[in-house]
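Enquirer: Now for the letters of each chain:
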Amino acid sequence: MLGLVGRRLVYLVPVVLAVTALTFLIANLLPGDLAIAMLGDQATPENVAALHKKLGLDLPLWQQYLHWLWAVLHGDFGTSHRTGETVLHAIAGRLPVSLELLVIAELGGILIGVPLAILCAARPGSAFDRIVSGVAFGSLSVPPFMLAILLIFVFALRLGVLPATSYVPLSQDVLGNLRGMALPGATLALLEWPTIMRVLRSDMISTLQEDYIAMARAKGLSARRILLVHALKPSSLTLVTVIGLNIGRLIGGAVIVESIFALPGVGRLLVESIYLRDFIILQGGVLLVAIGFVLVNFLVDLLYAVLDPRIRHGRA
Amino acid sequence: MSGTPLLEIEDLTVDLPTDRGPLRAVSGVSLSLAPSRSLGIVGESGSGKTMLSRAVLRLLPAGARLGGTARFEGRDLFRLSPRALRRLRGRELAVVFQDPMTSLNPVLTIGGQIAEALREHLGLAPRAAMARAVALLAEVGIPEPERRARQYPHQLSGGMRQRVAIAIALSCEPRLLIADEPTTALDVTVQAQILDLLARERQMRQMAMILITHDLGIVAGRTDEVAVMYAGRIVEQAPTRALFKHMRSPYAEALLAAIPRLHAPPHTRLAAIAGSPPDPTRPAPGCPFSPRCRYARERCRSEAPALSAENGGHQYACWFPLPDRAAAEA
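The listed protein sequences correspond, in order, to chains A and D. The opening residue of the first sequence carries number 1 in the numbering used here; numbering runs sequentially from there. The opening residue of the second sequence carries number 1001 in the numbering used here; numbering runs sequentially from there.
These are computed hints drawn from the structure, not numbers from a lab. Please read these numbers as outputs of a predicted model, since none were measured by experiment. Backbone N, C-alpha and C fix where the C-beta goes; we use that ideal spot for every residue, glycine too. Don't take each hint at face value.
Ranges of calculated distance between the beta carbons of each label pair, as one might list FRET restraints [to be verified]:
id	chain 1	residue 1	chain 2	residue 2	range
1	D	P1283	A	S126	31 to 41 Å
2	A	P143	D	P1061	38 to 48 Å
3	D	L1322	A	D211	37 to 47 Å
4	D	A1274	A	R7	50 to 60 Å
5	D	P1022	A	L140	49 to 59 Å
6	A	L111	D	P1035	49 to 59 Å
7	D	P1283	A	M146	55 to 65 Å
Looking at chain A on its own, in the form it has when it is part of the complex (with noise of 0.2 Å):
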């Protein structure tokens, strides 16, 4: 086990410094100056250069990315050139509204999906099945922002049950916090359920064919008892790895349903900052964004551990 964790740390730096080198190179290949963001348009050529020298930004690339990474080494993630703010703490302030977001979109996916697989499994090709899974294979064709777009109309402007563009604080109002990310977490949930669903559908009526849930059968066991205990642990390994991938993307925020429900989450931070060419904030996000990709990804790969013993063993 101790292995495994050090493996994957060793997996976390060539990752980490290959998306930052990457970002950092794209992000200054951007027509556009912070200096000019800065200061205006108006702005004399001798203004920006003394600025520019300021900032370090006069310095070759690899010079300025350096200096970044030696900074961030030492724990200073650096200080937004435009609004003075530190990356860690505007960052902090953006993450538990992009954290609360991929729970309740995980979690409402999960939810949908999972059941609807069992019973789908437990009889393919029933008119049940062939409903569900028609219905998720048209779930995973809307675009996300039409989803977002027909939820607003129904909810808020038909039956103005849910309000479609009002972020409370968690820790200020309970209540109000959850009817404001009820909206973009139904969004983001009705977009996760149908992989969810599809994968361990089709995981879960070949593991149903195996000799070990004939054998189950033969024992008497309860139909529920065979689908929940002998069936659904073998066959959640692709599950895992797809919530997993999901995990890590909505990490980063979900940059479309965060504009649209006007949420101020880590999405909108990361492209409020290219717009305005606030590289540092940018670099701190990505950076975030690919720690939590593989922080997530060694999380799941424990998880294949506990499900299948014959990993936990070393002989799968």
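Following the hints, put chain D in place on chain A, whose structure we already have.
Expert: Structure of chain D alone, referenced to chain A:
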């Protein structure tokens, strides 16, 4: 054979759906097994012996169609409610499958897989069920049963896993055990041990057993009766001793000849039955074995023989049964 039979199968047919239409896997089989007796069912692959056992357990693939009747202690197996069927399976009617590498759940512990049947059928508490599971492991000859009970199937050898499967089958003291090629997937050295274990447990528990195999040598001396199957039918059935003393059907004789002999000189050609079993989706008139039978005559190709009337318990389906060699020599 006295009293009511434990298992009584009458005119059983099993049709399996295939792309080329239904396939008759079992065709008009009748069998009867008295309590605590043992029956060997012998035949090559595709003879329908496994489908016969699966039909009795109601474990057929989806879409399979059953005909005829099968009664277990007078209860019609094909008309049982799902609930009654569940109470029968594992409790009174248990099975050991062919391949212990795939018949145990890889993600559940050995002990848990034995204990769950005990909890389901006997209502034992978790702790009591686990203690029984450990005792069963010891009984089927697994060393260090406490430790093994906490392990997973992949940590055990094939022979050990089959012992575990036997422990599961025996756990609720079934009245009938169906062993479907229980040693085919195992090393030769382990085969005899597993067969002896099954025979010992059967004796001790006064349990009836159906032993399914492709190897006539396995049933010799281990079962009370033998039924030889070919192309979904029983072609010869007799008390084991009577069958080996005097085989009447050419198919049973050919099966026996196909067993490699230990004392044959090295490099002796292995005897095989020429040709292959008939295509069950396209039944032909006549005896199904006639294309491969060295004694076949005109009548064999045009008319299928029925199973003969019982004659001292010995039945066969053949127009020209083999002569009694012992009588001929006398």
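Enquirer: Does each hint fit the structure? Answer for all of them.
Expert: Against the structure, the hints come out as follows:
Checking the proposed 31 to 41 Å range against P1283/D and S126/A shows it holds: the Cβ atoms sit about 33 Å from each other. Between P143/A and P1061/D the C-beta distance comes to about 42 Å, which sits within the given range of 38 to 48 Å. The beta-carbon spacing between L1322/D and D211/A, approximately 39 Å, falls within the hinted interval of 37 to 47 Å. Hint check: A1274/D to R7/A, Cβ distance near 58 Å, so the stated range 50 to 60 Å holds.
In this structure, P1022/D and L140/A break the distance hint of 49 to 59 Å, their C-beta atoms being roughly 38 Å apart. Checked against the hint of 49 to 59 Å, the pair L111/A and P1035/D passes, with Cβ atoms roughly 51 Å apart. Between P1283/D and M146/A the beta carbons are some 58 Å apart, a value that agrees with the proposed interval 55 to 65 Å.
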